[in-house]
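Visitor: Those sequence lines, one after another, are chains G and B. The numbering of the first sequence is my numbering, which starts it at 1 and goes up by one. The numbering of the second sequence is my numbering, which starts it at 1 and goes up by one.
Careful: at least some of the hints might be erroneous.
A partial selection of chain G residues facing chain B, derived with a Cβ cut-off under 10 Å [unchecked claim]:
id, residue
1, Y69
2, G261
3, L264
4, A265
5, P281
6, T288
Stretch by stretch, here's where chain G covers chain B in the computed footprint (C-beta under 8 Å, at least three residues) [what the hints assert, rightly or not]:
id, region
7, 145-152
8, 262-268
9, 276-285
Residues of chain B clear of chain G, computed beta-carbon distances all greater than 10 Å [said to hold, decoys possible]:
id, residue
10, I3
11, V4
12, T47
13, Q62
14, P63
15, D73
16, H77
17, E88
18, G166
19, F185
20, V233
21, H237
22, R240
23, Q256
24, I305
25, A313
Hints were generated in silico from the structure; no laboratory data involved. We put the CB at the ideal spot given by N, CA and C, even for glycine.
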Amino acid sequence: MSIVHEIELEAQSAVAPVQGRSQWQLTWRRLRGDRVSMVALVVIVIMVVLAIAAPVFAALTGHPPNVAYPVTGENAAGNPVGPFTNGFILGTDSTGRDLLVRILYGARVSLFVGVVTTFIATALGVAIGLMAGYFGGIADTVLARFTDAVLAFAYVVLAIALAVVYGPSLTIIMLVITFFSWAGIARIVRGQTLSIKEKEYIEAARSLGAGPFRIMFFDILPNLLAPVLVVGTLYIPQAVVFEATLSFLGLGVQPPTASWGNMLADASNFYQVAWWYVVFPAAALLITTLAFNLLGDGIRDAMDPRTERLLAARRLRRKNRKKRKTGVAGTGPNPDFPDPVHVGQIP
Amino acid sequence: MAIVGYLVRRILTGIVVVWLVATAAFFLFFARPVETVARLLAGHAATPQVITEVITNLGLNQPILTQYWRFVDGLLHGNLGYSYYSQESVNTILKQDLPPTVSLVIGGTILWLIAGLSVGIISATRARSLFDRASNVAVLIGLSMPVFVIGELLILVVFLPLNEHGITWIDTGYSGPTSGLGSFFGHMVLPWITLASVQAAVYTRLSRGQLLDTLGEDYIRTARAKGLSERRVIFRHAVRAALTPVVSQLGVDVGQLLGGVFVVEIVFGLGGIGQATVQAVDQDNLPVIIGFVIIAAVFVVVANIIVDLLYAALDPRVRIT
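Next up, chain B with everything else stripped away, as it sits in the complex (with noise of 0.2 Å):
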């Protein structure tokens, strides 16, 4: 039961955090002259009736606590206002990008957390070893590379050729899991691999490093000398104190997962959130950002829910409360 209290009041904090961003995002958006947004509308050549008219048709010419008001009840409303330039809901908009992003944090989420927590174990267990050698080195690789290099080094050496070949299976853009689940894969393998890279060399050092300190413990003396099996002393005991550290450390990296996903759908042109957002900041389409910005929030304290739940399912001591 206590677990329902938690959650409920986890929820409510989250909205407080949401709903503080969204007015910071529309306050800080809203401090520049409202003529700039309306000329960049009505183009260079617009007569200054045209950009009153434009000014109008926004509603940019109530005072900005109406402004405010109208935004917030349609966040209520479930409603994020409309885009500048297609007039499309923003609702639409982020509905189309969502399934790309998705996709995207979903399978390289899965894709990182293996890599980096199996390479980094296997590290630990059989330290100095080849295979320690040789994931060193290719750590220290994935955190000196920036997510959208691997990105393009991977069309250039893999894509390419491949395509070249005749083997088309391996592709860019974006195929939903609708449309043949072997296409969405083989669009999604190269965007996961890229996502998952960089951020499993982190958790490779990380899970690596807590589980050499562990083993390193009294009580993995004392597993071992009750005569348990190296598995179950490893498995049982080592990682599962190993890696609380590691959990914690996923909620911090929430935010910068964030900023690879960003990367990866504007290298491999998946039109996600990503992607839109970008556009819409070359465009100064207001609205769309801060539809962005709320969608990030929500994404962060989401995941953090999470991180923390899971936090208090592997460590016995942290009490849910």
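Isolated chain G (complex conformation) (with noise of 0.2 Å):
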């Protein structure tokens, strides 16, 4: 290569000048070049979708979601009938309800109890994480304690009591599991903030006179972003299986309302006669969180500084298979993006 030609280059690049990218920009970049947080995401944009249009879907087969058709919708047994037959596309349910109709509209429920749930939980965890970071002492303390006995707690048994109190109802079981889920995204965020708080630019706020509350929700909080985010995204789908899992119990969402918790409950008198009844609504409940784990999972790699190395090392390790084998060792979990697995499992 000849210096001229080198010189070249270097004007070249000084004609397009270096464009600066946001933490954002980059993680949205790497998470464009992972095709399964990508066919995640879109699952998810269909599912979405789909719950939102529910009511179209229950116009265009002219089966309501609590309608049962006993005539057309079972046989003469009094069965549910199966997929394809008398116009209801997945079969019907245990009454001779439309069971694709029902499922969309448990998709309603199941999605909104996922998304509204992590919202309030990660509100809660982070006010107080960052609360309990910063000011240390006894609120620390407290607090925990207050963690590790939420999360040693058995939420069946929270559930149950107030299940038995205030009777079973979907206000309830969004309360048990945001009762739940604050915890651990609050230890998250005390640990981040322990370490952010002894940053220099914290102290160049403090000196500049800025108060507590605007050190910790102007300094520390959009630091704080990128984990809780991740968290975030793993805690949907967390809190879907939850709503299953409770109204499967009978301690959540009640017939005749269409949850895919309560649909498995019953359908597992079913199995015998209509396989269908337990596999579509388990299908779709399976689906949307392995879309959810998966595009969190993305995301926390998109995240993480050290995954473009990794993609680098794959890059070269295709390179270099068809000389020979070689075997890169694995990078464990990093500290700052934890696996909220670790931190809070729901069932």
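Reconstruct the complex from the two isolated chains, following the hints.
Guide: Okay, structure coming up:
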């Protein structure tokens, strides 16, 4: 390579100025490159659209979610009819209601509970974790003990207690889910706050006269958003599973309102005669939670600066594969991006 | 000797915790009007006289502190009260329902730890191999599936087809070990797998990550440089250090395990404590529910003591004091 050529190259790069990219732009670029995450994102979008469009499907098929069709929707023995029978695309349930329409209405409940509880739990966890980490002292000790207690508490017990006293309802299960979700987030936020508050720029903010709340929410919080976003994405599927489980136990969404959990509970009486009654709601549930989990993992990888190196290593390995097989030592979890599973796992 | 003092102290605090839980449960449940309960028991057509009679019979008309005292007195004598419905003692009900629950918890936990840890260790030592990739996919599916879905699918694709072809060894329901070990295992194998699968997914992921981190430590390189066999390096040096966070996670998961147990009992019709409790919730059968809450608290406390002892056994830096 001649010197002239090198100078030319330099000149070219000078013509095209280096573009600064924010962390979010970099993350999005990395995420775009991850095929699995993109598929997961598309699946989630489709699910959301289907859930929103549930009434449209009800109108198209002419089967409202809570209307039973004892004549067309049940066979001679009074059992559910299978998929593509009498205009029921996915068959019917135990009382001859349209399974497809009910699954779509169930998606509304699941996604609503998943997103809303995660949002509330995240906001709570962030606020509490920030304060505990920033102020330390007694506030911190109390929080630590309390989060320990919450994490070790059997969620079923609380769900049962509330269901007994107030009667089972959607509000109660959302309360229960939120109650068992914020502690894990608070723990992560607290840990991050502890390390961030020692940084020089916090000292600079304080020397400029910023008060504790300004420092917490304007200086520390933006630097916490990345791990919180990752954990939040991974909490959504857990909340969906949680809702389904509580509804399955009869402690959550009550029939005739459709929820994947109570549909599967009812389906367990019809294993022998109606496989579709078990398989389709289960598949809807699994596809949704799997998509959120895959997307969450993808976002975590995309936000982890080490991923760039990993991807580069993978490209290099692919190149070298023809020459010889090489083992690349794996990297463990990054402490900055804790696996939420370790923090507060919901069944 | 230190361990005896430690155990005594832990058990005493445990008793206090159980008492607090029992008290909270008692006052929470009795916050509802007594007429509701009485009307439920006496039926819709009951006259006011009948309802008053039911209330008197159950002792619900006495001041709440008197009732509480009777409750605590019963607790101290190991008596959890009587079912509103069958008039059976709650002790008897719990005693009947305990064996399936205990079998489920013990077998499921053993299976879950063995599966989770061994898959995690193999994945970590062969990072990015085919096995590792396959286990990662399995873990993700396990994390995404609620316990009851796994159970229902197992019934649909394993139990029903086998039964149709005349293989009746695998069965639902419960059959105690006293009536033949073969049939006991046949009844429990699917529930165990169901309970273990979800938890195993969490532990595979956790132990894999921890072990990968540990294998990058300097002392592992030192151990290898000393010429130790790879097996010794992994099991003596790496796994032991990697397991401590896994064990501390165990303490957190005990509460969740209970939820899983509930669901599995219902899916497979094992008729354990979980099934009894859900039925009691349906019937507003308060004494049975309170009995369950107390048993659950005892379970969590005992399990946490065991986990802490394990922790001390694994990590030489942790001293029991």
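Visitor: With reference to the structure, classify each hint as holding or not holding.
Guide: Status of each hint after checking the structure:
1. Hint status for Y69/G relative to chain B: violated, with the closest Cβ pair at about 25 Å, above 10 Å.
2. The criterion of a C-beta within 10 Å of any C-beta in chain B is met by G261/G, whose closest approach is roughly 8 Å, and the hint holds.
3. Annotation: interface hint on L264/G holds; nearest CB of chain B at approximately 6 Å, less than 10 Å.
4. Annotation: A265/G was flagged as interfacial toward chain B, and the flag holds, the nearest CB pair being 8 Å apart, inside 10 Å.
5. The criterion of a C-beta within 10 Å of any C-beta in chain B is met by P281/G, whose closest approach is roughly 9 Å, and the hint holds.
6. At a threshold of 10 Å, the smallest CB-CB gap from T288/G to chain B is about 8 Å, leaving the interface hint in force.
7. For the region 145-152 of chain B, the assignment as covered by chain G holds, since 6 residues bring a beta-carbon within under 8 Å of that chain's beta-carbons and 3 suffice.
8. For the region 262-268 of chain B, the stated coverage by chain G is satisfied: 4 residues place a CB nearer than 8 Å to a CB of that chain, which reaches the threshold of 3.
9. Under a criterion of three residues with beta carbons nearer than 8 Å to beta carbons of chain G, the stated coverage of the region 276-285 of chain B is upheld, 5 such residues being counted.
10. Annotated as non-interface, I3/B keeps its C-beta farther than 10 Å from every C-beta of chain G; the closest such distance is 22 Å.
11. At roughly 25 Å, the least C-beta separation between V4/B and chain G is larger than 10 Å, which holds for a residue marked as non-interface.
12. Residue placement check: T47/B keeps its beta carbon more than 10 Å from all beta carbons of chain G (closest about 26 Å).
13. The non-interface label for Q62/B is consistent with chain G: the shortest C-beta to C-beta separation is roughly 20 Å, beyond 10 Å.
14. With a closest Cβ-Cβ approach of about 20 Å to chain G, P63/B is found to remain outside the 10 Å limit, as its non-interface label requires.
15. Annotated as non-interface, D73/B keeps its C-beta farther than 10 Å from every C-beta of chain G; the closest such distance is 23 Å.
16. Every beta carbon of chain G lies more than 10 Å from that of H77/B, the smallest distance being close to 24 Å; the non-interface claim holds.
17. Non-interface status of E88/B relative to chain G is upheld: no Cβ of that chain comes within 10 Å, the nearest being about 19 Å off.
18. Its beta-carbon lying about 16 Å from the closest one in chain G, G166/B satisfies the requirement of being farther than 10 Å from that chain.
19. Distance check on F185/B: its Cβ is at least 22 Å (rounded) from any Cβ of chain G, clearing the 10 Å threshold; non-interface status holds.
20. Non-interface status of V233/B relative to chain G is upheld: no Cβ of that chain comes within 10 Å, the nearest being about 14 Å off.
21. No beta-carbon of chain G is positioned within 10 Å of the beta-carbon of H237/B; the least distance is around 16 Å.
22. Taking the minimum C-beta to C-beta distance to chain G, about 17 Å, the non-interface status of R240/B holds against the 10 Å cut.
23. Not every CB of chain G is more than 10 Å from the CB of Q256/B (nearest about 5 Å), against its label as outside the interface.
24. The claim that I305/B lies off the interface holds: its Cβ sits roughly 12 Å from the closest Cβ of chain G, which is beyond the 10 Å cut-off.
25. Residue placement check: A313/B keeps its beta carbon more than 10 Å from all beta carbons of chain G (closest about 20 Å).
Consistency note: the structure conflicts with the earlier hints numbered 1, 23.
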